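Line order of the protein sequences matches chains A and B.
Converting from the first sequence to my numbering requires adding 69 to each position, the first position being numbered 1.
Converting from the second sequence to my numbering requires adding 69 to each position, the first position being numbered 1.
No lab work stands behind these hints: they were computed from the structure.
Keep in mind it's a predicted model, so treat the numbers as computed, not measured.
One thing to keep in mind: the hints can contain errors.
You can't tell identical chains apart in this list, so a pair holds if it fits in one copy or across any two.
What the hints assert, rightly or not - For lysine-lysine, the following DSSO-like pairs were computed, each having C-alpha atoms within a straight-line distance of at most 27 Å:
1. Lys390 with Lys275
2. Lys362 with Lys337
3. Lys363 with Lys337
Protein chains: 2
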Amino acid sequence: MGYQYWSHETLHKLCTEAFLKFGFSERDTSIITDVLLTSDFNGVESHGVQRLARYHQNIKKGIIRVDAKAETVFETPVSAVIDGHDGMGQVIAYNAMKLAIEKAEKSGIAMVTVRNSNHYGIAGYYAKMAAKEGLMGISCTNTNPIMVPTHGKRAMLGTNPIGIAIPAEPYDFYFDSSTTVVTRGKLEVYNKLGYPMPSCWAVDEKGQGCSDAGRVLANIAAHRGGGILPLGGDNETTGGHKGYGWAMVCEIFSSIISMGTTSNETGKDGRGQISHGFAAINPAIFGDAEAIKKHLSDYLEKLRTSPLADGAERIYTHGEKEALAGDRIIKDGIPVNDNTMIEIMDLCTDIGLDFSEYFGDYTPPESGFKGNPI
Amino acid sequence: MGYQYWSHETLHKLCTEAFLKFGFSERDTSIITDVLLTSDFNGVESHGVQRLARYHQNIKKGIIRVDAKAETVFETPVSAVIDGHDGMGQVIAYNAMKLAIEKAEKSGIAMVTVRNSNHYGIAGYYAKMAAKEGLMGISCTNTNPIMVPTHGKRAMLGTNPIGIAIPAEPYDFYFDSSTTVVTRGKLEVYNKLGYPMPSCWAVDEKGQGCSDAGRVLANIAAHRGGGILPLGGDNETTGGHKGYGWAMVCEIFSSIISMGTTSNETGKDGRGQISHGFAAINPAIFGDAEAIKKHLSDYLEKLRTSPLADGAERIYTHGEKEALAGDRIIKDGIPVNDNTMIEIMDLCTDIGLDFSEYFGDYTPPESGFKGNPI
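Looking at chain A on its own, in the form it has when it is part of the complex (with noise of 0.2 Å):
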């Protein structure tokens, strides 16, 4: 069996007597472990509870300071820069939301720039903070290098993703997206199974397509070259440049503006160097915010409902995978592949917790996950 399930409840716990034993605040304790359960509800694993002991690692490490005390360095009524001082991405990110939808329930519109954090989880969270509010939120962060720009070799831009999310029924607009091809996670995941990927998505030492996903990795992790492909692939016969230019519009709102660390920069010193950036609209600034919030629905559902291609069998709109993976992890629980299941006992033990506190008489086995990913 490649994956267990378990409950919201088990993994809340876990979470948060894990990053209290790390040293966080309740507060900021109760703000990781949602940022991270969320993702896991959302379907999306990479970012959720496996990445548990990779966070306590780059703690360990000092990468992750978790008595860091974020600055805000600049600031106007639709703005601020925040200096992460090394901090949890997750804390810096959601206390710079906050203040941008506060600035933005006052002035209407609001931007907040963060250098110097650390991997802040999935961008859509702080998007949808704002949705929450009945605001558009827009959240963005640069990585460590791993994207290729169109005609290069060398990772000079990192997955960067842009998450939006703008109040709709029944469902919000929520496309949260790196603007490379895929993420490091899917080269992972091919790498352990073994299978050739498609060649559009990498390239390797010499810039060249590489379906060998193992190479890909080894050489990004030795900096011999090579990376990931931007959305549109490696010419520009299929667009590459054009998932190159939003890559950059991502580093410009977080690393550039900030006068942060680009992606080709970050992770020297010991230090993450992550940059990311905020933005909140108020749709009362265009009119009614409820007829615009019809107005977006409404147009939803029509694609929603729009002919099928000959063969397919639904049409989705952005937001609407989300949902359905929540509803799913409801019923059946979150999935745990074996691997992170290995993880967490040796975290536990690493850091005085009884794993069977959390799981019973559950015991991972020896050798990790090598089934199909969910």
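Let chain A serve as the given structure and place chain B on it in line with the hints.
Just chain B, lined up with the frame of chain A:
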């Protein structure tokens, strides 16, 4: 010979006199002419002088109303909603972006959204207006329906381009891109030449990948189904849902927040019903605007000089190709294809201009352009 090269002065004089003849004021004529010629200078022939005859047709049909007075129907210090009342897209868009710039200069950020307009030319022109004032500019527009949503077979979105300009040296970052894999113009060229298209560009009336450009274009014209695919292609493996997401973002910031007409409903009742969105952001709301500009310029230079993929010739940053096209055109003139020259000759006859006053004793061939596109 497929192309003739003409000086900026020649085509400027032609456009100016034509738009005055159509009934536009001197100010409006000057705006429209500048948008068209800037497109040609950027190397984007499809949105340049070659549109002259199509605009004339739309004016004659009453789709574009020369005497329309755009109206600001809602306004705050950081926003405005404009009803274009079916006027000329370029004029409405220019005034809307000017308003966004004025508001951003006072408030730091501003967004202006427009409904009931017409085709406005290149999206990037208006973004660049902001960059010329030292601001960051964003511009987007919906269009007539041409893009199918992922897994669909009816065109429900437009090409939905987004243009973004951010001050930098020696070229501004300038990213102007449809959210489709390619634009309709590219299909028209393949159709004209009789070449098969890559099948990841468009789908037929059944929603299946199709390499016959003529068939796709005929289907679109007859509303038989099919259309161009989003950036990322026809499936989620290559990120088609991401291009579809960006097209939605364009739609939201143009037709949705303006309470305008979504792409799928445009072009009815003899009207254009096109919507636009504009934003301007003063970088000084994040601190030292000059330092931010230098930070971006340095990063762009690092991208351009990063290692080339084996066999590649150059890594571009966004805005560089447009600058190079401009240099070429200053030297060689603006290329105008034979089809367009035939149209211009007919136009001159129709509105009472002397073709030879602009083009001397040059006579276009009887049948149009058949050569390779530039």
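Against the structure, the hints:
no., hint, in the structure
1, Lys390 with Lys275, "between (37 Å within a copy, 24 Å between copies)"
2, Lys362 with Lys337, "between (44 Å within a copy, 24 Å between copies)"
3, Lys363 with Lys337, "between (47 Å within a copy, 22 Å between copies)"
Every hint, counting from the list given before, is met by this structure.
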